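> In case you want the letters, here they are:
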Amino acid sequence: MSDSPIAVEQHGPELLHHFADAEQQRDAATLGMWLFLATEVMFFGGMFCAYLIYRYWYYSEFAAGSRSLDIWLGTINTAILICSSLTVAIGVRAAQMGKRKLLVILLLLTIVFGFAFLGIKGVEWYDKYKEHHIPGNSFNVDDLVRDYPQLHIDPRHEQIYFSLYFAMTGLHALHMIIGVGLFVFLTYYAWKGRYTPKYYTPVEMGGLYWHFVDIVWIYLFPLLYLIDRHR
Amino acid sequence: MATAAITAEREHYLNKEYGIRSWLLTTDHKRIALLYLISITFFFFVGGFFALLIRLELLTPAGDLVQADTYNKLFSMHGQVMIFFFLIPSIPAVLGNFLVPLMIGAKDLAFPRINLLSWYLYAIAGVVYLHCIVTGGVDTGWTFYTPFSTAFSNTRVIEAGIAIFIAGFSSILTGLNFVVTIHRMRAPGMTWSRLPLFIWAHYATSIIQLLGTPVLAITLLLVVFERAFNLGIFDPTRGGDPLLFQHLFWFYSHPAVYIMILPAMAVESEVVACFTRKRIFGYNFVAMSSIAIAVFGFLVWAHHMFVAGISLYSALIFSILSYLVAVPSAIKVFNWTATMYKGSISFTTPMLYAFGFIGLFTMGGLTGLFLAALGIDVHVHDTYFVIAHFHYIMVGGAVMGYLGGLHFWWPKISGRMYPEGWGRLAALLVFAGFNLTFFPQFILGYMGMPRRYWQYPPEFQVLNVLSTAGSTVLAVGYVLPMVYFLWSMRYGKIAEDNPWGAAGLEWKTSSPPPTFNFDEAPEVTWEAYNYEEIPAPAEVPGER
Amino acid sequence: MSEHIMSSKFYYTIWIALLCLTGITVAASFIDLGPFNAVVALVIATVKALLVVLFFMHVKYTSEKLTKIVIVSAIFWLLLLLALSMADYTTRLWI
Chain A
3 MSDSPIAVEQ
13 HGPELLHHFA
23 DAEQQRDAAT
33 LGMWLFLATE
43 VMFFGGMFCA
53 YLIYRYWYYS
63 EFAAGSRSLD
73 IWLGTINTAI
83 LICSSLTVAI
93 GVRAAQMGKR
103 KLLVILLLLT
113 IVFGFAFLGI
123 KGVEWYDKYK
133 EHHIPGNSFN
143 VDDLVRDYPQ
153 LHIDPRHEQI
163 YFSLYFAMTG
173 LHALHMIIGV
183 GLFVFLTYYA
193 WKGRYTPKYY
203 TPVEMGGLYW
213 HFVDIVWIYL
223 FPLLYLIDRH
233 R
Chain B
2 MATAAITAER
12 EHYLNKEYGI
22 RSWLLTTDHK
32 RIALLYLISI
42 TFFFFVGGFF
52 ALLIRLELLT
62 PAGDLVQADT
72 YNKLFSMHGQ
82 VMIFFFLIPS
92 IPAVLGNFLV
102 PLMIGAKDLA
112 FPRINLLSWY
122 LYAIAGVVYL
132 HCIVTGGVDT
142 GWTFYTPFST
152 AFSNTRVIEA
162 GIAIFIAGFS
172 SILTGLNFVV
182 TIHRMRAPGM
192 TWSRLPLFIW
202 AHYATSIIQL
212 LGTPVLAITL
222 LLVVFERAFN
232 LGIFDPTRGG
242 DPLLFQHLFW
252 FYSHPAVYIM
262 ILPAMAVESE
272 VVACFTRKRI
282 FGYNFVAMSS
292 IAIAVFGFLV
302 WAHHMFVAGI
312 SLYSALIFSI
322 LSYLVAVPSA
332 IKVFNWTATM
342 YKGSISFTTP
352 MLYAFGFIGL
362 FTMGGLTGLF
372 LAALGIDVHV
382 HDTYFVIAHF
392 HYIMVGGAVM
402 GYLGGLHFWW
412 PKISGRMYPE
422 GWGRLAALLV
432 FAGFNLTFFP
442 QFILGYMGMP
452 RRYWQYPPEF
462 QVLNVLSTAG
472 STVLAVGYVL
482 PMVYFLWSMR
492 YGKIAEDNPW
502 GAAGLEWKTS
512 SPPPTFNFDE
522 APEVTWEAYN
532 YEEIPAPAEV
542 PGER
Chain C
32 MSEHIMSSKF
42 YYTIWIALLC
52 LTGITVAASF
62 IDLGPFNAVV
72 ALVIATVKAL
82 LVVLFFMHVK
92 YTSEKLTKIV
102 IVSAIFWLLL
112 LLALSMADYT
122 TRLWI
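Protein chains in written order, with the numbering used here: chain A, 3 to 233; chain B, 2 to 545; chain C, 32 to 126.
Heads up, some of the hints might be wrong.
List of simulated lysine-lysine pairs, DSBU-like, C-alpha gap at most 35 Å [claimed, not checked]: (1) K200/A x K91/C; (2) K99/C x K40/C; (3) K96/C x K101/A; (4) K194/A x K99/C; (5) K40/C x K101/A.
A few chain A positions that, by computed beta-carbon distances, are all more than 12 Å from chain B [claimed, not checked]: (6) L18; (7) F50; (8) C51; (9) A81; (10) V147; (11) L153; (12) V186; (13) Y201.
To give a feel for the contact side, a few chain B residues facing chain A, derived at Cβ under 8 Å [unchecked claim]: (14) L15; (15) R452; (16) E533.
Hints listed in this document are in silico derivations from the structure and should not be mistaken for laboratory results. Because the structure is a prediction, the values reported are computed rather than measured. Glycine included, each C-beta is placed from N, C-alpha and C at the ideal position.
Can you build the whole structure from these sequences, using the hints too?
Written out as C-alpha cells, the structure reads:
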C-alpha cells in the first residue's frame with residue numbers, strides 16, 4: 003500500500019508520515035510542549051496552594067524554617083540555574099545556526115550545571131537530615147525553638163513547613179533529573195549531527211522544558227528561603 | 002448477501018496486519034481505540050461486579066452479606082474503578098481516539114506514539130489497581146478523604162493512589178493529543194465553525210483534562226508521601242487541614258464530572274442531528290456552551306464541601322457559581338430538543354439512547370440544582386439523594402451516551418451492522434432498569450438514608466429492594482450489547498460506508514476505514530450537518 | 032516559536048539581568064519592609080520569570096498567538112485555584 007498522497011517528497015526521516023509538512027510537525031510539537039508545561043504549572047500549583055494556605059496560618063513556623071535554610075547555598079543554586087538557562091538559550095541558537103560543536107559544548111555545560119544544582123541540593127538535604135529537620139519520627143526542632151524564641155513556634159506546625167519544603171524541592175529535583183536525562187539524549191544526538199538549522203525541534207523543546215524548571219525554582223527560592231530574613 | 006470474504010479483499014485498518022505485536026505496538030489511533038475499548042469494558046464489569054455486591058447487601062436492612070469493612074471497600078472501589086478506569090477514558094479514549102482524526106480529515110492524531118503511551122499508562126495503572134483489589138482493596142471512599150486515608154486506614158491506599166496517579170497521566174496525554182490535533186491537523190477547508198460539535202465537546206473535555214488532572218496527581222502524591230513518610234500536611238494533630246485535601250481533590254474531581262459528561266454530549270449532538278436529519282439548532286451556542294462548561298466547571302468545586310467546615314461566605318460564592326454552571330448545559334438540552342422540532346425522526350438504537358440521555362441528564366442536572374441550594378444540601382448531603390443525582394448524570398447520561406455512540410459508529414469501527422432489534426431491546430432494558438435502580442434512591446435520600454452505610458432502618462427496605470431489582474435489569478441491558486457486538490463481528494450484516502446517511506467526514510471513507518483514514522486527502526467546502534444535501538438512506542437499518 | 036535568531040549578546044544581557052535581580056531579591060530580604068517583603072520578593076520573581084519566558088523561551092518574538100493564550104490560561108487557572116481556596120481560609124473566622 004502506498005503512502006497517502008499527502009506524503010511529502012524529499013523530506014528527512016524526521017518527518018513523520020501523518021504530518022503534511024515539516025512546519026506542521028514543528029508547530030504541533032511546540033504547541034504540545036507548551037500545553038505540557040501548562041499541566042506542569044498546575045502540577046506544581048497544587049503544592050503552591052498548600053504552601054500559600056499554611057504560610058497564611060503558620061507564618062512564624064514558616065519564618066523559622068526558612069531561616070534554618072542556608073541562604074547562600076540557595077542563592078548559588080539560583081545563579082547556577084540561571085547560568086544553565088543561558089547555556090540552553092545559546093545552545094538553541096547554535097542549533098538554529100548549525101553550529102554542531104558549539105551546541106554539544108553548551109548542552110554538556112547545561113548538564114554540568116544541572117549536576118551542580120543537584121549536588122548542592124543534596125548537601126542541603128543532608129544538612130537538614132543532620133539537624134533532624136526531616137519530618138517523621140526523628141523530627142526535632144528544639145534548635146529552632148531555642149534560636150527564635152520571639153517567633154513562638156509550635157513544633158508540630160513546623161513539620162508542615164518542612165514537609166512542604168521537601169515535597170516542593172523534591173519534586174523540583176526530580177524534574178531536574180529528568181531534564182538532565184533528556185539533555186544527555188540531546189547531547190548524544192547533537193554530537194551525531196542529527197540537528198540542523200532545518201530540524202532542531204527536540205533541542206528547542208528540551209530548552210522550553212529546562213527553562214520551565216528554572217522558572218519553578220525562581221519562585222521556590224524566595225518562597226522557601228527568604229521569609230523573615232530581616233530580623 | 003455480502004459475505005466476510007468481500008471485506009477481506011479490501012485492505013483496511015483491521016486486516017492490514019495481524020498478530021499481537023501489530024496490536025500492542027500499533028500507533029494507529031483506530032487500533033488504540035479498540036485496545037481501550039477492550040480494557041475499559043473489562044473495568045466496567047469489575048466496577049459493575051462491586052455494584053452488584055453493594056446492591057445485594059442492601060436488599061436487607063441488616064448487614065448480613067459482607068462485613069462493614071468489606072462494604073466500605075466495595076463502595077470505594079466501585080467508585081474508583083468506575084470513575085478512573087471506565088468513565089473518564091470511555092468516550093474520549095474509545096470514540097474520541099477513533100473519530101477525532103477522521104472527523105477533521107487527518108491521517109492520525111498529532112502524536113501517535115504518545116497515544117500508545119497513553120494506553121500503556123492506563124493498562125499499567127489498571128494492573129496496579131487490580132493488584133490493589135486482590136491484596137486488600139481500599140476503604141476510604143473513592144474520595145480518599147484525609148486524615149482517614151493518610152493516618153488511619155489499614156488498606157492499600159498507597160497502591161490505589163499510585164494507580165490513579167498513573168491513570169491520570171494517561172488522561173492528560175490524551176487531552177494534550179486532542180488539543181494539538183484539533184488545532185494543527187484539520188484538513189484544508191475545515192474551519193472551526195465547520196467542525197462537528199463532537200469535536201468542540203472533546204476539545205473542551207481535553208482542556209479540563211489538561212488543567213485539572215495535574216492537581217489530582219499532586220494531591221494523590223501528597224497523600225502517598227504522607228502515608229509513606231509520615232509527613233504532616235493533612236494531619237490535624239500537627240496543624241494540617243483535612244479541608245486542604247478536599248479543596249485540592251475537588252478542584253480536579255468536580256471538573257472531572259464534566260470530563261465524563263461532555264463527551265456524551267458530543268455523541269448526543271451527532272446522533273440527534275443524524276436521526277432528525279437536521280443541523281443542530283444553535284450550533285454556535287452549543288459549541289460555546291461546551292467551552293463554557295469547561296471553564297465554569299472549575300469554579301464550583303467547593304459545593305462538595307458545604308457541610309465540611311468551609312466558611313459560610315465561600316459557600317455562598319460556590320453556591321451561586323454552581324447555579325450558573327447549569328446554564329450552558331441547559332442551553333444544550335434546549336438546542337437538542339429544538340433540533341428535533343419538525344425533524345424527520347428515526348427511532349434507531351442510537352436515537353433511543355439519545356432520547357434517554359436528554360431525559361435522564363436533565364433530571365440529574367435539575368437535582369444538581371437542589372444540591373446547589375445550601376439549605377437543601379445540609380439536609381441531603383451524604384445521602385442517597387446525592388448518589389441518585391450523580392448516577393442519573395453518570396449512568397443515565399454518560400453511559401447512555403457512550404452506548405449510543407458505540408452503536409452509532411459501530412458500522413464504521415467494525416464494518417458490520419449490529420442487530421437492530423436486539424439493540425433497541427437492550428436500550429429499553431437499560432432505560433427501564435436504570436430508572437428502577439436509581440429513582441427510588443432520590444426518595445431514600447430525601448427520607449434520610451445515608452450513603453456509605455451497610456445497614457439501614459427497616460422502613461427503607463422496600464425502596465432498596467426496588468433499586469436492587471432495577472440493577473439486575475440494568476445488568477442484562479449492559480450484557481446484551483457485549484454479546485451482540487461480538488456476534489456482529491462475525492455474523493453481522495456488512496456495513497456500507499454510510500449506513501445512516503450521516504453527515505461528517507468519517508462517513509465519507511469506507512467502513513472500516515483504511516489505516517491512513519482517507520484514500521485521498523479531503524478538502525472541506527461544506528458546512529457541518531449539511532443534511533439538506535445528504536439523501537436519507539433508502540432504508541434506515543432496522544426501520545420497518 | 033519563530034525564525035528570529037537573536038544575538039548572543041542579547042542573551043548575555045538577559046543573563047546579567049537575571050543575576051542582578053537575584054542579588055536584589057536576596058538583599059531586599061534583609062531589609063524590614065513588613066508585609067511588603069513578600070510582595071517585593073514575588074514581584075522580583077515574576078520579573079525574572081517574565082525575562083525567561085519572553086526572551087529565553089522566545090515568546091516575545093513568536094507570531095503564534097496560541098502560545099501566549101496557553102501561558103496566560105495556565106497562570107490564570109493557577110490563580111483561580113489559589114484565590115478561590117484562599118477565599119475560604121480568609122473568611123472562615125468572619126462569622
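> Hint compliance check: list the failing hint numbers for this structure, sorted ascending.
6, 7, 8, 14, 15, 16
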